[in-house]
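Based on the provided sequences and hints, a complete structural model is requested.
The number in the numbering used here is simply the position in the sequence shown, starting from 1, with 151 added.
Each hint can be trusted.
20 Å max Cα-Cα, derived DMTMM-like pairs, lysine to aspartate or glutamate:
(1) Lys-308 to Asp-291
(2) Lys-274 to Asp-284
(3) Lys-160 to Asp-260
(4) Lys-255 to Glu-267
(5) Lys-255 to Asp-284
(6) Lys-255 to Asp-213
Just so you know, these hints were derived from the structure itself, not from any lab.
Keep in mind it's a predicted model, so treat the numbers as computed, not measured.
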Amino acid sequence: MEKDILAGKKVLVVDDEPDVVDTAKALLSMCEVRGATSFADARMLLEQESFDLAVLDIMGVDGYVLLELANQRGVTAVMLTAHALSPGNIVKSFQGGAASYLPKEKLIDLPTFLREVLEDRAKGRHFWSRWLDRWGSFYDEKFGPEWQNEDKEFWEKFKIWM
Numbered sequence: 152m153e154k155d156i157l158a159g160k161k162v163l164v165v166d167d168e169p170d171v172v173d174t175a176k177a178l179l180s181m182c183e184v185r186g187a188t189s190f191a192d193a194r195m196l197l198e199q200e201s202f203d204l205a206v207l208d209i210m211g212v213d214g215y216v217l218l219e220l221a222n223q224r225g226v227t228a229v230m231l232t233a234h235a236l237s238p239g240n241i242v243k244s245f246q247g248g249a250a251s252y253l254p255k256e257k258l259i260d261l262p263t264f265l266r267e268v269l270e271d272r273a274k275g276r277h278f279w280s281r282w283l284d285r286w287g288s289f290y291d292e293k294f295g296p297e298w299q300n301e302d303k304e305f306w307e308k309f310k311i312w313m
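Listed below in structure tokens is the structure:
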């Protein structure tokens with residue numbers, strides 16, 4: 152049996168809702184998970200410890216500032232959001248260096264998404280290589296089929312990375 156690529160990975164989960172952090176910890180039981188519910192706590196953890204992955208909420212915890220810090224520390228970051236779910240924030244997350252952008256309503260599938268990020272990294276593929284295939288129809292439903300037209304230039308470049 153193949154070893155779970157997530158097994159033993161150290162993951163930081165940051166969300167201002169403690170129940171989201173607790174749920175992520177339970178879902179990622181194969182990992183060593185540290186949780187934070189504030190920007191200050193998350194920043195301290197990122198500055199003092201090493202992580203393989205970070206799952207960052209956007210709203211309430213200054214997720215984009217934490218994304219920048221994660222990038223500086225060499226931590227692969229995934230954005231997780233409910234209230235900031237928008238085409239503009241998808242683009243901002245990817246331009247900021249996020250490996251993926253996930254809606255909180257799909258939190259139950261977090262282990263699958265993190266495995267895909269790690270598998271792509273291990274194979275030298277761009278993190279975003281599977282993102283549009285997985286999420287395109289979800290966002291078409293959420294925002295309408297023309298949602299990518301808000302930033303056509305970005306999405307044309309994005310398709311090159313796939």
